[in-house]
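Asker: Protein chains in written order, with UniProt numbering: chain A, 1 to 367; chain B, 1 to 367; chain C, 1 to 367; chain D, 1 to 367.
Please keep in mind that the hints were generated in silico from the structure rather than gathered at the bench. Check each hint, because a few of them may be wrong.
Which copy? The list can't say, so a pair holds if one copy fits it or any two copies do.
Claimed, not checked - Below, in silico cross-link-like pairs of lysine-lysine (DSBU-like), each with a Cα-Cα straight-line distance of 35 Å or less:
1) 318 <-> 39
2) 310 <-> 143
3) 253 <-> 200
4) 310 <-> 323
5) 318 <-> 151
6) 47 <-> 323
7) 200 <-> 272
8) 310 <-> 39
9) 39 <-> 62
10) 258 <-> 21
11) 62 <-> 318
As the structure is a computational prediction, the values presented were derived from the model and not from experiment.
4 protein chains.
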Amino acid sequence: MSGNKIGKMFKVTTFGSSHGKALGAVVDGCPAGLEISDKDIQVELDKRRPGTSNITTSRGEKDEVNVLSGLFNGKTDGTPITAVVYNRDMDSSAYENLKNNPRPGHGDYTWKARYGLYDYRGGGRGSGRTTIGHVIGGAIAKKILDTLNIKVLSHVIQVGNIKAAKMELNEIEANIGLNSVRCADPDAAPRMEALILHLKETGESVGGIVETIVSNVPAGLGEPVFNKLDADIAHILMGIGSVKGVEIGIGFKAAELKGSQMNDGFCIDEGKINTRTNNAGGILGGMSTGMPITARMAVKPTPSISQIQKTVDLKTMKDTEIKIAGRHDPCICPRITPVAEASVSIIIADHLIRAGYINPCKLNPKK
Amino acid sequence: MSGNKIGKMFKVTTFGSSHGKALGAVVDGCPAGLEISDKDIQVELDKRRPGTSNITTSRGEKDEVNVLSGLFNGKTDGTPITAVVYNRDMDSSAYENLKNNPRPGHGDYTWKARYGLYDYRGGGRGSGRTTIGHVIGGAIAKKILDTLNIKVLSHVIQVGNIKAAKMELNEIEANIGLNSVRCADPDAAPRMEALILHLKETGESVGGIVETIVSNVPAGLGEPVFNKLDADIAHILMGIGSVKGVEIGIGFKAAELKGSQMNDGFCIDEGKINTRTNNAGGILGGMSTGMPITARMAVKPTPSISQIQKTVDLKTMKDTEIKIAGRHDPCICPRITPVAEASVSIIIADHLIRAGYINPCKLNPKK
Amino acid sequence: MSGNKIGKMFKVTTFGSSHGKALGAVVDGCPAGLEISDKDIQVELDKRRPGTSNITTSRGEKDEVNVLSGLFNGKTDGTPITAVVYNRDMDSSAYENLKNNPRPGHGDYTWKARYGLYDYRGGGRGSGRTTIGHVIGGAIAKKILDTLNIKVLSHVIQVGNIKAAKMELNEIEANIGLNSVRCADPDAAPRMEALILHLKETGESVGGIVETIVSNVPAGLGEPVFNKLDADIAHILMGIGSVKGVEIGIGFKAAELKGSQMNDGFCIDEGKINTRTNNAGGILGGMSTGMPITARMAVKPTPSISQIQKTVDLKTMKDTEIKIAGRHDPCICPRITPVAEASVSIIIADHLIRAGYINPCKLNPKK
Amino acid sequence: MSGNKIGKMFKVTTFGSSHGKALGAVVDGCPAGLEISDKDIQVELDKRRPGTSNITTSRGEKDEVNVLSGLFNGKTDGTPITAVVYNRDMDSSAYENLKNNPRPGHGDYTWKARYGLYDYRGGGRGSGRTTIGHVIGGAIAKKILDTLNIKVLSHVIQVGNIKAAKMELNEIEANIGLNSVRCADPDAAPRMEALILHLKETGESVGGIVETIVSNVPAGLGEPVFNKLDADIAHILMGIGSVKGVEIGIGFKAAELKGSQMNDGFCIDEGKINTRTNNAGGILGGMSTGMPITARMAVKPTPSISQIQKTVDLKTMKDTEIKIAGRHDPCICPRITPVAEASVSIIIADHLIRAGYINPCKLNPKK
């Protein structure tokens with residue numbers, strides 16, 4: 001039972017590894033009649049593609065999508081959508097010395113403990129390239145969300161100890177594409193870039209925080225008890241490589257507050273029920289309130305650094321050291337933003353279908 | 001599709017509400033041959049039982065467990081274990097004024113949005129009493145963990161802005177039962193209790209942080225990609241009422257670190273592979289390293305406070321105010337610790353079976 | 001992973017055994033707003049209750065239902081519905097001699113092989129009493145089907161080599177309650193009863209065939225490939241104890257036909273698309289055509305007979321003989337009809353929700 | 001929620017359609033360390049490949065497999081195995097006249113009813129080519145079964161009213177490859193072939209019965225109540241296109257028997273518990289007895305015949321007629337045998353892992 005599937009009605013199964021033949025996803029449960037093209041998926045893949053700026057890895061992958069099934073005359077036909085990206089620029093030579101020496105901060109050792117073997121070439125299936133599958137699934141999910149005008153946006157709000165100022169949603173949308181670090185604060189962004197470049201030169205890496213905002217979600221999305229909307233969002237975000245924490249709304253700050261400070265009072269706003277504040281981050285009792293959903297995730301520094309590190313030799317079972325070569329991102333935050341967007345989009349699309357907001361069979365059941 | 005089930009092989013389905021006839025759980029997938037008695041479950045239920053100290057709600061429930069199925073001659077027999085707790089001390093009168101006025105910070109409104117109606121009596125299924133089902137499942141999970149000597153322990157490390165000092169595991173074990181706030185720090189605990197009592201008198205509530213530690217987990221537990229161990233732990237913890245954030249190991253602090261600070265080097269320790277530090281919190285690549293797993297969750301202040309709050313009238317669709325009566329915990333942290341223990345125990349037990357560490361059919365397949 | 005749950009959105013988890021404290025079911029995923037009472041469930045339970053005629057076992061169980069959760073003011077509230085039946089008239093003494101001698105035709109030995117132990121008292125969870133859970137789930141499913149005027153009816157069409165004549169649906173409805181064998185053919189029914197009574201006296205048992213008819217199903221129900229409607233119906237029916245075969249529509253006769261004989265031509269009938277014949281049994285490509293769905297299941301003779309049979313001693317691992325005492329049905333067909341009705345109702349209800357014909361959250365989303 | 005996945009721990013998700021770009025499967029949950037090559041899959045695909053004899057369709061597909069992921073150094077590595085077959089010899093012209101005229105006996109109309117549209121080219125995803133995914137999954141499942149020396153074999157035992165004589169397993173194995181109809185009876189096989197050829201010339205088709213035998217299954221496989229082994233086998237077999245009935249062991253004949261005739265007595269045979277007869281078909285109480293498992297399925301005549309048939313025009317909603325061109329199998333039984341083998345292999349492999357007979361993570365956990 002290995003967990004390569006997410007979703008209960010909008011189901012995304014991903015496959016592939018860093019240095020295998022291909023990566024991809026099968027999306028099962030997308031209603032028929034949704035207009036979608038290869039380009040819709042490519043646009044999202046391009047956001048996470050490596051080598052697009054000097055603060056990302058130099059691996060030169062085009063990450064071109066090939067849709068193998070599920071579309072008929074430019075629309076989904078209710079059958080599983082399979083999309084594949086072939087690996088092209090694979091350089092496995094750099095990894096030969098990792099065969100028996102697990103890299104600190106990576107899953108090499110735990111993979112070995114679980115499966116008895118591990119693909120030491122670029123992390124195998126543990127590689128960040130695995131998130132190509134997330135992005136394919138998310139691209140299709142976003143098309144579903146579009147039909148209800150729901151928007152999902154992820155941006156970087158912290159790199160190391162540089163924190164972005166709090167911005168309005170429209171500012172974030174406007175600014176996020178202006179820099180390679182995908183931070184909306186015009187003051188913090190260049191400082192973040194400078195920090196990343198500096199660390200890159202010194203063979204170091206750095207962590208950060210990525211925030212995802214979902215706007216225009218209808219109220220009542222999420223299943224009480226074990227499949228609450230916040231729980232399912234935390235589930236998928238915590239599963240992204242390098243993520244060490246997830247919080248919703250005011251998050252960990254809630255620990256310090258009193259009830260009267262935390263509670264968001266209700267009000268009627270143009271005939272609609274809203275909350276006066278949004279400390280809850282758009283979710284109460286595990287279900288959406290209709291206010292924007294905000295989720296933040298803590299991203300650890302990329303474990304691949306070019307300094308000498310302590311490890312062990314799995315054959316001799318003795319202590320040893322390791323120096324990792326290869327091409328890596330000094331800060332994974334910018335490239336993780338499209339993955340966070342995709343991941344949350346998958347969860348929202350799934351819950352929309354699970355709750356009957358989207359017909360599971362055909363997009364426009366009346367027509 | 002409402003989400004009242006957790007687990008893939010060790011499956012816990014819970015049911016019941018605050019003011020209905022009963023609450024309980026069906027545990028399906030427990031191997032046969034596990035010695036278990038009603039008392040094993042009662043011990044855990046007693047930890048979360050209300051009315052045991054002056055800092056909890058005064059609702060006087062004995063929460064006696066009734067096991068209806070799944071045991072034969074004092075052992076599990078491979079069939080579903082059903083355990084039920086009857087509600088006794090129900091006082092629904094206090095809730096009559098909530099029929100059309102959703103309580104801020106509670107799921108009343110979102111429940112109404114989703115289902116078209118809600119059980120306004122004590123939060124219905126959204127009540128904290130729902131966690132009786134978690135605790136029943138967790139009690140059985142703990143018996144499975146016992147067979148591998150795995151221990152799960154939750155304790156309160158913060159209430160409002162009072163933070164406990166960092167303690168060793170054996171100190172935590174020794175101290176946690178010494179006070180009603182379930183905090184192991186002998187200095188912080190009385191200050192937390194005083195704060196909670198003070199807030200109780202002023203009709204307020206307060207949040208906090210609960211930490212869960214799992215020790216002696218074998219390496220290799222967790223399924224890569226979408227069912228990583230940290231993701232599944234975050235999933236269940238974020239699903240507990242009032243939780244707004246979950247972090248693993250060093251958590252949100254990882255955002256500020258460099259790779260060389262974050263990475264835990266490996267070492268050989270008495271013939272076993274360990275990490276030299278444990279910033280990862282016992283999980284790498286979504287699988288256990290064999291080091292202690294640490295997970296913290298941010299708990300918001302109890303939304304039921306006795307101050308006047310802003311709400312709306314769902315019938316007239318006009319703004320109004322509400323004052324909540326009833327009996328409530330001013331700080332839910334102490335009573336949430338057994339729920340966190342139970343929840344993490346369920347996840348670990350499920351993964352042990354999913355990964356073949358525990359035989360899914362019979363506890364001692366050889367004998 | 002033991003399989004006590006059926007359904008993907010309308011999920012029924014059953015529990016309990018023949019001689020344990022209780023049996024029952026948790027139904028998760030029933031939309032809110034469905035009017036249902038204990039009586040609706042009791043009516044169905046009474047159909048399968050033992051001791052109601054001289055051709056069934058004399059075990060005197062009232063099988064009174066207790067609803068523990070999920071109803072609020074006479075309606076479902078979207079939370080799991082739990083219903084329990086307590087065992088009363090348990091006589092375990094008759095089973096002491098079965099401890100180490102598995103009964104031929106029963107699951108005693110396979111249960112022992114799988115779980116290392118088995119509840120020898122009346123078959124434990126392998127008992128026909130386990131279908132109390134099916135019937136509880138089916139009773140609720142039927143209430144959902146009622147909202148779309150879908151009817152499910154099971155009747156006995158063969159006992160031993162006595163076959164009922166082919167009858168119209170309205171005749172079956174009218175006649176089925178007129179005799180204890182639940183056969184609609186007024187000529188065959190008394191002969192079946194006489195055969196069963198005769199075999200009962202000689203310590204024998206006999207098999208038969210039960211047919212289930214679902215009328216008024218909308219077209220398009222069922223999921224292509226692995227969750228086709230016929231596959232899901234076969235799945236649940238084959239899982240009922242004693243069933244050795246399932247066929248849809250013309251069934252095994254299809255093997256002998258030519259394409260021109262088998263194919264049902266289409267026609268327009270009062271503006272609606274129908275098939276001119278119904279050899280398909282209402283299902284094409286795994287999805288409903290809108291025509292009546294017909295499924296037949298072969299029921300083996302009750303394995304508990306009072307003759308001496310060959311078995312083995314599990315302790316000494318030597319051949320031995322066994323004579324089964326206890327109270328048993330000489331022909332299980334009449335009492336299996338409500339179980340078949342319930343089972344098929346569960347599948348149809350689940351598929352109605354899965355396909356968007358019934359809103360998964362609230363029964364009347366518009367109101 | 002469309003059902004393109006089967007299995008709970010050994011999970012096969014299939015995709016693709018008759019006239020799309022490709023067909024294939026993702027197999028998730030195969031333990032690491034299993035030696036497998038493209039050729040192992042190709043061998044199975046070749047069994048169901050069209051155009052290999054004069055009694056099958058003349059569509060000239062090579063059905064070459066491409067493994068995209070999941071293998072590392074010739075072994076499974078615990079990650080999902082994805083295998084794809086590209087469609088080559090597609091001739092969609094023959095289907096243009098089917099756009100609005102659903103073919104009798106096919107899923108065209110029900111697909112339209114469910115999804116609002118259908119891929120009229122060769123049945124789209126409803127085509128028999130969809131079973132390429134089954135065969136890919138089955139090929140991998142068979143490699144797992146090999147490690148326990150479990151064999152799965154399907155053969156044709158009836159075509160129209162020509163029935164094969166009952167044969168021993170070793171005779172079936174020896175004879176099945178000797179003729180194109182995959183019938184082991186040397187007397188019946190040529191008569192079946194002659195009948196099929198004759199019907200092909202007259203534009204007709206014919207049904208038949210396929211039997212699957214699984215030998216060397218350990219006792220105790222199968223999950224009581226809703227996931228019994230026979231239920232899961234019936235589920236997957238009934239889901240194969242054209243199947244109208246499934247029976248286990250003596251099947252429908254059980255209806256006519258008395259208990260003393262049906263029950264298989266137990267005996268000790270070389271220190272092992274066997275049954276003296278095998279009317280049960282190797283399954284009691286839904287779990288394997290260790291005796292050979294036998295399952296038969298009724299296959300309807302191929303619905304595509306070249307005679308004029310009654311249908312309707314979906315646009316004008318008027319009665320009309322249709323004549324189907326294209327290339328079709330006059331009897332699908334021979335080509336369905338590898339699909340039945342694959343399907344049952346998937347179920348057995350899944351249950352072996354679910355029950356702990358095969359470690360879910362690594363094939364040889366001790367080594």
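Asker: Work down the list of hints and note, for each, if the structure agrees.
Answerer: Outcome of the hint check:
1. 318 <-> 39: Answer is neither: 51 Å inside a copy and 40 Å across each miss the 35 Å cutoff.
2. 310 <-> 143: Close neither inside one copy (46 Å) nor across copies (37 Å); limit 35 Å.
3. 253 <-> 200: Both, since 32 Å and 21 Å are each at most 35 Å.
4. 310 <-> 323: within (9 Å within a copy, 59 Å between copies)
5. 318 <-> 151: between (52 Å within a copy, 29 Å between copies)
6. 47 <-> 323: Within one copy, since 30 Å is at most 35 Å while 49 Å is not.
7. 200 <-> 272: Classified as between: cross-chain Cα gap 34 Å, same-chain 50 Å, threshold 35 Å.
8. 310 <-> 39: Intra 45 Å, inter 42 Å, cutoff 35 Å: neither.
9. 39 <-> 62: Both: 14 Å inside a copy, 31 Å across copies.
10. 258 <-> 21: between (54 Å within a copy, 33 Å between copies)
11. 62 <-> 318: neither (41 Å within a copy, 52 Å between copies)
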